[in-house]
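Quick note, the sequences are listed as chains A and B, same order.
Quick note on the UniProt record's numbering: the first sequence kicks off at 1 and runs consecutively.
Quick note on the UniProt record's numbering: the second sequence kicks off at 1 and runs consecutively.
Take these hints with a grain of salt, some might be off.
[Unchecked claim] Calculated cross-link-like contacts (lysine to aspartate or glutamate; reagent style EDC-like; alpha-carbon spacing at most 16 Å):
hint: 1; chain 1: A; residue 1: K143; chain 2: A; residue 2: E153
hint: 2; chain 1: B; residue 1: K36; chain 2: A; residue 2: D107
hint: 3; chain 1: B; residue 1: K8; chain 2: B; residue 2: E100
hint: 4; chain 1: B; residue 1: K73; chain 2: B; residue 2: E14
hint: 5; chain 1: B; residue 1: K8; chain 2: B; residue 2: E74
hint: 6; chain 1: B; residue 1: K36; chain 2: A; residue 2: D110
Treat the hints as calculated values from the structure; they're not laboratory data.
In case you want the letters, here they are:
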Amino acid sequence: MTATQAHRAVEAVWRIESARVVAGLARLVRDVGLAEELAQDALVAALEQWPAEGVPRNPGAWLMAAGRNRAIDLIRRDENYRRKLAEVGRTLETEHEPDLAAALDEDIQDDLLRLVFTACHPVLSTESRVALTLRLLGGLSTKEIARAFLVSEPTVAQRISRAKKTLTTAKVPFETPRGAERAARLSSVLEVVYLVFNEGYSATSGADWLRPELCAEALRLGRVLAGLAPAEAEVHGLVALMEIQASRNRARVGPDGSPVLLLEQDRARWDRLLIGRGLAALERAEQFGHPRGPYTVQAAIAACHARARTAEETDWIRIAAQYQALALLTPSPVVELNRAVALGMAFGPAAGLELVEQLSEVPALQNYHRLPSVKADLLARLGRHDEARTEFLRAAELTENAWERTLLLDRANPRPSI
Amino acid sequence: MRFMVLVKASEETEAGVMPAEADLAAMGRYNEELVKAGVLLAGEGLHPSSNGLRIAFDGDQRTVIDGPFAETKELLAGFWLLEVGSREEIIEWVKRAPMESGELEIRQVFTEEDFGDAFTPELREQEARLRAQVEEQQGS
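Let's have the full structure, built from the sequences with the hints guiding it.
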């Protein structure tokens with residue numbers, strides 16, 4: 001095995017084990033920041049030893065033991081750590097190997113869940129939560145996170161170290177919230193995962209390879225969460241939503257790199273395996289959750305599209321009803337606009353236009369290009385072409401996306417068909 | 001990256017011997033670990049080849065050949081479909097399989113991107129049509 005190969009093997013093990021090692025160490029030292037540093041030290045030790053000695057049979061336990069030994073070292077050498085970890089130190093010294101193995105097996109699921117909740121604690125800014133989650137749970141390096149979010153490496157490093165400090169200063173306990181707080185904290189966790197997913201999903205360019213990777217990472221985190229909190233309906237709802245959206249990845253970009261709209265996508269290119277997984281996750285979510293949460297409802301909408309073998313087969317009546325349910329859960333003019341589209345498809349353009357005209361008064365939508373673009377489409381279908389043209393032009397003026405502008409201008413000035 | 005891990009048949013799997021309870025439990029734990037890590041997409045075990053058949057092609061001729069088939073080590077007994085971040089990662093996962101003997105084979109699943117320029121728009125279209133037909137047949 002060459003040094004490079006060995007190095008890459010260590011990285012692969014790290015990706016598989018790091019979250020569990022950090023979580024296990026955090027349970028011992030009760031400080032996520034310190035646990036992460038100890039785990040990093042263990043990684044450095046592995047990079048030094050494994051290339052020569054080979055990857056150990058149980059690499060997770062090896063890393064965990066290395067991290068724990070490092071903690072004991074610190075306690076012995078450093079007065080500050082000794083004070084800080086006086087209590088913990090006794091546990092560390094007296095803990096036997098079998099306990100360690102047990103810690104890696106049985107308690108690790110709880111520890112991981114605590115780690116998720118800590119990394120997504122509301123005391124942290126959203127961007128810090130995202131960076132910390134990818135670092136601690138995804139096992140991504142600072143460099144990988146920086147590239148994925150198109151920011152500099154020092155920026156990410158600073159976000160992570162500031163976040164760790166904030167957690168320590170605020171004395172955020174390493175625990176899973178209970179009762180009423182749990183729901184609020186869980187929604188923060190789900191928000192972080194979906195944010196990561198969308199960061200990858202909104203980048204449509206195939207050349208931008210790291211961004212689709214980010215999509216895959218969010219999906220993996222979601223699946224891990226579903227394993228950690230299997231009784232939480234909305235976790236399954238979010239997983240369902242992401243699986244179904246990701247199933248369209250191959251069909252979302254045309255050969256020239258331009259985005260392809262949902263109804264124009266070649267459905268044969270949708271990933272049936274992911275659709276199947278998404279529908280199964282949605283079923284689990286709907287089994288557990290009454291009433292359904294917003295992710296589950298969004299997944300149900302995505303599922304309506306996924307079930308239709310052609311765009312024409314889409315069950316728009318059902319989609320319109322789902323948007324109504326979503327509007328009750330998370331009232332927003334954007335949801336209403338989507339509902340207008342669904343109404344227009346289900347009951348004809350006049351029904352959609354009625355709602356759009358009500359929405360024209362909403363201040364939040366004044367500069368939102370989709371309002372005139374939806375309106376234009378409905379007007380065109382009603383044969384009111386002059387009004388439609390004005391709205392298409394207005395939408396083209398408002399959009400910041402070059403592809404979309406071209407598309408809208410094309411519709412405003414249709415070339416005569418031959 | 002998607003990989004298929006192929007489980008090779010052995011004399012036991014071909015004889016239809018069901019695994020001992022301890023082996024089944026170990027395999028269950030491994031599968032659970034794969035699920036909890038978010039990497040397992042699908043996986044199945046296959047009946048022995050005595051329950052299988054082959055269709056041989058020769059021009060217009062089709063011949064049905066009943067199992068079992070002789071070359072045990074080249075036969076399959078099951079598969080996993082895993083989604084991971086790298087080649088090294090799939091190696092690490094497969095090394096952890098609770099196997100005492102035998103062999104597992106790792107094969108990467110093709111995606112359209114792998115075909116590069118050779119996968120022309122015409123071929124893409126044909127592929128899409130085929131998939132659509134398969135869907136048609138599987139649907140309903």
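Tested hints:
1. At roughly 6 Å between alpha-carbon atoms, K143/A and E153/A fall within 16 Å of each other, so this suggested pair holds.
2. The hinted pair formed by K36/B and D107/A meets the criterion: a straight-line CA distance of about 14 Å does not exceed 16 Å.
3. Taking the CA atoms of K8/B and E100/B, the gap is near 13 Å; set against the 16 Å cutoff, the hint holds.
4. The suggested pairing of K73/B with E14/B holds, with an alpha-carbon distance near 10 Å, which does not exceed 16 Å.
5. With a C-alpha separation of about 7 Å, the suggested pairing of K8/B with E74/B holds against the 16 Å cut-off.
6. In summary, the hint linking K36/B to D110/A is supported, as the alpha carbons are separated by about 13 Å, within the 16 Å threshold.
Of the numbered hints listed earlier, not one is contradicted by the structure.
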